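Visitor: Single-letter residue listing:
4 protein chains.
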Amino acid sequence: MAKSSFEYVKKFELDDTLLPDTWIIVRLDGKCFHKFSEDHNFMKPNDIRALKLMNYAAYQVLKDFNDVCLGYGQSDEYSFIFKKNTTLYKRRAAKLLTTINSKFSSSYVYYWSKFFGTQALQYPPVFDGRIVLYPSEANVIDYLKWRQADVHINNLYNTAFWTLVLQGKLSPAQAEKRLCGTVSADKNEILFKEFNLNYNKEKEIFKRGSLLLRQPVKMDESGAVISAIVDIHDDMLKEKFWVKYENLLDTKG
Amino acid sequence: MAKSSFEYVKKFELDDTLLPDTWIIVRLDGKCFHKFSEDHNFMKPNDIRALKLMNYAAYQVLKDFNDVCLGYGQSDEYSFIFKKNTTLYKRRAAKLLTTINSKFSSSYVYYWSKFFGTQALQYPPVFDGRIVLYPSEANVIDYLKWRQADVHINNLYNTAFWTLVLQGKLSPAQAEKRLCGTVSADKNEILFKEFNLNYNKEKEIFKRGSLLLRQPVKMDESGAVISAIVDIHDDMLKEKFWVKYENLLDTKG
Amino acid sequence: MAKSSFEYVKKFELDDTLLPDTWIIVRLDGKCFHKFSEDHNFMKPNDIRALKLMNYAAYQVLKDFNDVCLGYGQSDEYSFIFKKNTTLYKRRAAKLLTTINSKFSSSYVYYWSKFFGTQALQYPPVFDGRIVLYPSEANVIDYLKWRQADVHINNLYNTAFWTLVLQGKLSPAQAEKRLCGTVSADKNEILFKEFNLNYNKEKEIFKRGSLLLRQPVKMDESGAVISAIVDIHDDMLKEKFWVKYENLLDTKG
Amino acid sequence: MAKSSFEYVKKFELDDTLLPDTWIIVRLDGKCFHKFSEDHNFMKPNDIRALKLMNYAAYQVLKDFNDVCLGYGQSDEYSFIFKKNTTLYKRRAAKLLTTINSKFSSSYVYYWSKFFGTQALQYPPVFDGRIVLYPSEANVIDYLKWRQADVHINNLYNTAFWTLVLQGKLSPAQAEKRLCGTVSADKNEILFKEFNLNYNKEKEIFKRGSLLLRQPVKMDESGAVISAIVDIHDDMLKEKFWVKYENLLDTKG
Numbered sequence: 008m009a010k011s012s013f014e015y016v017k018k019f020e021l022d023d024t025l026l027p028d029t030w031i032i033v034r035l036d037g038k039c040f041h042k043f044s045e046d047h048n049f050m051k052p053n054d055i056r057a058l059k060l061m062n063y064a065a066y067q068v069l070k071d072f073n074d075v076c077l078g079y080g081q082s083d084e085y086s087f088i089f090k091k092n093t094t095l096y097k098r099r100a101a102k103l104l105t106t107i108n109s110k111f112s113s114s115y116v117y118y119w120s121k122f123f124g125t126q127a128l129q130y131p132p133v134f135d136g137r138i139v140l141y142p143s144e145a146n147v148i149d150y151l152k153w154r155q156a157d158v159h160i161n162n163l164y165n166t167a168f169w170t171l172v173l174q175g176k177l178s179p180a181q182a183e184k185r186l187c188g189t190v191s192a193d194k195n196e197i198l199f200k201e202f203n204l205n206y207n208k209e210k211e212i213f214k215r216g217s218l219l220l221r222q223p224v225k226m227d228e229s230g231a232v233i234s235a236i237v238d239i240h241d242d243m244l245k246e247k248f249w250v251k252y253e254n255l256l257d258t259k260g
Numbered sequence: 008m009a010k011s012s013f014e015y016v017k018k019f020e021l022d023d024t025l026l027p028d029t030w031i032i033v034r035l036d037g038k039c040f041h042k043f044s045e046d047h048n049f050m051k052p053n054d055i056r057a058l059k060l061m062n063y064a065a066y067q068v069l070k071d072f073n074d075v076c077l078g079y080g081q082s083d084e085y086s087f088i089f090k091k092n093t094t095l096y097k098r099r100a101a102k103l104l105t106t107i108n109s110k111f112s113s114s115y116v117y118y119w120s121k122f123f124g125t126q127a128l129q130y131p132p133v134f135d136g137r138i139v140l141y142p143s144e145a146n147v148i149d150y151l152k153w154r155q156a157d158v159h160i161n162n163l164y165n166t167a168f169w170t171l172v173l174q175g176k177l178s179p180a181q182a183e184k185r186l187c188g189t190v191s192a193d194k195n196e197i198l199f200k201e202f203n204l205n206y207n208k209e210k211e212i213f214k215r216g217s218l219l220l221r222q223p224v225k226m227d228e229s230g231a232v233i234s235a236i237v238d239i240h241d242d243m244l245k246e247k248f249w250v251k252y253e254n255l256l257d258t259k260g
Numbered sequence: 008m009a010k011s012s013f014e015y016v017k018k019f020e021l022d023d024t025l026l027p028d029t030w031i032i033v034r035l036d037g038k039c040f041h042k043f044s045e046d047h048n049f050m051k052p053n054d055i056r057a058l059k060l061m062n063y064a065a066y067q068v069l070k071d072f073n074d075v076c077l078g079y080g081q082s083d084e085y086s087f088i089f090k091k092n093t094t095l096y097k098r099r100a101a102k103l104l105t106t107i108n109s110k111f112s113s114s115y116v117y118y119w120s121k122f123f124g125t126q127a128l129q130y131p132p133v134f135d136g137r138i139v140l141y142p143s144e145a146n147v148i149d150y151l152k153w154r155q156a157d158v159h160i161n162n163l164y165n166t167a168f169w170t171l172v173l174q175g176k177l178s179p180a181q182a183e184k185r186l187c188g189t190v191s192a193d194k195n196e197i198l199f200k201e202f203n204l205n206y207n208k209e210k211e212i213f214k215r216g217s218l219l220l221r222q223p224v225k226m227d228e229s230g231a232v233i234s235a236i237v238d239i240h241d242d243m244l245k246e247k248f249w250v251k252y253e254n255l256l257d258t259k260g
Numbered sequence: 008m009a010k011s012s013f014e015y016v017k018k019f020e021l022d023d024t025l026l027p028d029t030w031i032i033v034r035l036d037g038k039c040f041h042k043f044s045e046d047h048n049f050m051k052p053n054d055i056r057a058l059k060l061m062n063y064a065a066y067q068v069l070k071d072f073n074d075v076c077l078g079y080g081q082s083d084e085y086s087f088i089f090k091k092n093t094t095l096y097k098r099r100a101a102k103l104l105t106t107i108n109s110k111f112s113s114s115y116v117y118y119w120s121k122f123f124g125t126q127a128l129q130y131p132p133v134f135d136g137r138i139v140l141y142p143s144e145a146n147v148i149d150y151l152k153w154r155q156a157d158v159h160i161n162n163l164y165n166t167a168f169w170t171l172v173l174q175g176k177l178s179p180a181q182a183e184k185r186l187c188g189t190v191s192a193d194k195n196e197i198l199f200k201e202f203n204l205n206y207n208k209e210k211e212i213f214k215r216g217s218l219l220l221r222q223p224v225k226m227d228e229s230g231a232v233i234s235a236i237v238d239i240h241d242d243m244l245k246e247k248f249w250v251k252y253e254n255l256l257d258t259k260g
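Chains as they are written, first to last, in our numbering: chain Z, 8 to 260; chain W, 8 to 260; chain B, 8 to 260; chain A, 8 to 260.
It should be emphasised that the hints constitute simulated quantities derived from the structure, not laboratory data.
Keep in mind that this is a model prediction, so the values were computed, not measured.
Beta carbons are placed, not taken as given, at the ideal position from N, Cα and C, and that holds for glycine.
No false leads were slipped in.
Over 10 angstroms on every C-beta distance to chain B, these chain W residues come out as not near it, computed from the model:
hint, residue
1, GLU45
2, ILE55
3, LYS225
4, ASP242
Using 20 angstroms as the maximum straight-line C-alpha spacing, the simulated SDA-like pairs for lysine to any residue come out as follows:
hint, chain 1, residue 1, chain 2, residue 2
5, A, LYS210, A, VAL237
6, B, LYS97, Z, THR24
7, A, LYS225, A, ILE239
8, Z, LYS18, B, ASP22
9, W, LYS214, Z, PHE13
10, B, LYS184, B, ILE197
11, W, LYS18, A, THR24
12, B, LYS70, A, LYS42
13, Z, LYS247, W, PHE13
14, B, LYS70, A, TYR130
Using the sequences provided together with the hints, build the complete structure.
Guide: Below, the structure written as structure tokens:
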């Protein structure tokens with residue numbers, strides 16, 4: 008068998024080991040999810056089923072990968088943060104990126120009906136992924152704040168936009184024009200004065216996104232403590248969050 | 008909104024553009040598919056349903072990505088070859104790798120029942136992926152020969168092993184011992200003399216793997232020619248294959 | 008000795024192996040050589056001593072590194088082309104880049120007086136370097152044509168500019184204004200009509216740059232053939248050059 | 008001018024920007040300096056002229072590159088540490104690496120006679136270079152300790168070896184055999200008992216290497232404070248060093 012004469016092609020695979028002791032974040036984004044959400048009649052501005060499915064697919068990732076200490080999701084994107092000293096797959100970038108990406112993608116399809124019931128998935132969705140390194144814990148906290156600030160801005164806009172369209176009977180173009188140039192306070196006022204909607208009372212999952220984290224949970228009877236994956240929807244832009252969860256990015260975690 | 012003070016974290020995302028005018032191959036591999044195949048009662052040594060599902064998921068990839076000129080699959084792995092001058096996603100490595108990986112993974116779950124009928128998928132499968140560059144067409148041909156030589160060696164071994172176990176009633180350990188140190192001719196002889204099985208007459212898809220390629224197909228009535236994705240199971244180790252398919256890697260393709 | 012507890016820092020050095028069987032080009036550029044040329048009274052538009060020193064430093068590089076098959080220099084830059092299958096330093100990028108860069112830099116200083124005589128070198132010069140990969144021989148040929156086209160454009164401009172300044176007694180600003188918007192034919196005409204200078208008769212080394220290559224040379228008496236490093240100043244933009252030097256990029260070379 | 012048709016080759020030059028806010032260390036090593044030191048009659052085990060020339064070449068680097076906050080040299084190697092938030096050359100790896108490497112190499116030749124007087128430099132030396140990233144200040148401190156521990160081990164060995172050869176009249180092979188398997192205490196004892204040499208009283212520059220740093224220096228008369236580059240030879244393995252120089256790696260520095 009002339010196998011050996013072809014094996015030289017293996018050498019073209021280059022090493023992609025990531026810098027040690029540095030935070031690794033994998034972020035997945037739905038591809039063409041604007042169209043995907045229309046094809047599947049997602050509620051506007053937010054579809055709680057879709058968000059819960061995202062969270063459940065992310066939960067599958069955290070369940071499989073103990074070295075992922077945190078997940079943060081909003082809209083059609085999800086970020087996964089590895090503990091900084093992970094040596095999973097020898098820190099090879101493509102391996103880390105694709106196993107997370109694949110697990111999330113196949114879980115999204117596999118658990119679709121758990122959240123969408125009889126409404127069928129029309130076609131397999133696609134998520135792209137990227138991998139980014141951060142040298143310090145401060146960077147990672149700013150990363151999370153960056154993504155959560157993004158939720159706030161987008162969700163306030165979308166809430167105002169779809170309220171104008173669905174309740175205000177404006178066309179999408181009219182709604183867009185109406186909101187052009189407005190700041191947050193303006194949008195809050197439109198929602199409150201014209202539609203009696205207090206944005207602050209919107210669901211936290213819509214306003215804050217979802218943080219998946221590992222927490223010690225006391226078992227009722229035995230008193231034993233196990234680590235459970237829980238999702239919370241707090242305001243990470245506030246400092247008291249980081250006081251409350253001071254060990255969130257614990258490198259030992 | 009203090010968004011801008013966090014946006015600096017975007018700068019940590021580094022450019023991963025791949026060398027221009029160079030062949031890009033993405034290879035996906037099933038993770039823990041030994042266990043996965045047992046959990047889903049795959050036929051041994053080959054399960055035609057599983058192979059066809061792999062091919063169908065790969066077909067979805069080629070259907071979506073016109074710049075993938077070839078796919079080659081065997082067992083639980085699939086390689087996708089981009090035409091060398093592709094500029095898809097500006098040749099950014101992570102983007103190319105993850106969209107292919109995600110599309111394949113979600114398609115595998117989505118189309119599972121098309122091939123496995125009522126036998127349920129027990130859990131979401133995972134495929135890892137890697138991306139490799141090859142500077143010349145000769146390298147790419149050798150890559151394909153390398154993967155096909157791999158099929159040959161593995162499939163002959165597996166066919167002999169499982170025939171000894173299933174028909175010869177050997178234990179797995181006994182079968183392994185029996186085959187230890189044998190060359191191809193020995194395995195062929197065991198199969199033929201002891202089990203009257205002519206390995207050469209085994210299904211081509213088992214012996215050769217599957218090559219997915221784009222071929223011009225003439226429409227019956229109008230005479231118009233369209234490009235269709237077809238799967239073949241030829242012997243790429245023979246030179247006549249490369250004469251027959253001389254434009255397979257046509258850079259214009 | 009607590010040596011071992013610090014050795015972990017070695018692991019942060021990542022692999023930078025370059026793609027196999029791909030052309031490696033290292034290009035060095037003088038840093039702030041506009042000022043350097045003024046500080047050392049370089050003749051304008053070209054200083055033959057400076058060009059010869061560049062060539063001699065490059066010659067030292069080719070003499071030391073047998074896997075460099077070609078050098079091409081012009082003005083304050085020099086490119087070195089490795090044969091595509093080189094395995095020097097296991098194709099580690101930083102190693103290849105810095106040894107070439109260092110040898111060239113130290114040679115430039117070491118051999119300064121060989122070309123500049125008693126005119127002292129005022130301070131140590133600096134050359135930066137970059138490393139670029141090319142998958143095909145056609146790319147490498149186009150690279151050489153690109154650099155030589157650059158010489159032509161720059162040298163014709165500089166010749167016209169400095170002739171206007173030195174012989175035409177224009178100020179630099181006036182000369183620049185005079186040449187603004189002119190094409191090659193205009194500059195040739197200015198030189199010929201106003202200064203009786205036929206640009207085509209300028210020294211080839213000024214118009215074409217210098218190509219350092221390895222050529223078989225017959226020894227007078229014994230008839231033995233050895234490989235010598237020679238410099239030529241031909242027009243690589245013409246096809247006849249590539250016919251004459253058909254083995255220039257011979258991968259076996 | 009057909010320039011544009013070749014310019015596409017520029018696109019093959021890929022981005023090599025280094026991760027932001029991460030410590031960049033460039034380390035240079037003399038190539039074949041064992042031979043170089045023999046060719047230039049370096050004193051054994053240490054040649055103070057050679058070490059001072061290394062320090063002076065490194066001083067030229069720090070003088071030119073304000074973003075290099077520290078240099079550390081020993082034997083034929085020198086490390087340069089950039090402040091972690093440097094944006095010099097947009098943090099492009101090859102640019103940083105080669106300009107440091109070139110400046111050092113050309114300075115080594117340029118200033119040779121300042122330290123070696125009439126003893127001629129026989130040929131241009133070569134230094135290779137590498138670039139390594141460290142995410143935290145603790146890593147950088149461990150890096151410096153790693154290099155200094157290396158000096159200690161090597162210098163004690165070399166001192167014992169050359170004392171045995173030069174004063175003890177052993178052959179190199181005999182000296183090597185004599186030291187085989189000895190620990191530090193053994194070597195100290197050989198030096199002290201047999202040659203009355205107290206290793207602790209050897210020159211600090213031999214035992215510790217040289218650290219080049221920037222320090223505020225008060226001008227005698229005016230009282231103005233300027234930043235000066237000074238070299239020290241302290242023991243970085245002791246914690247009191249890091250207390251004394253608590254701002255050595257100040258990111259603001």
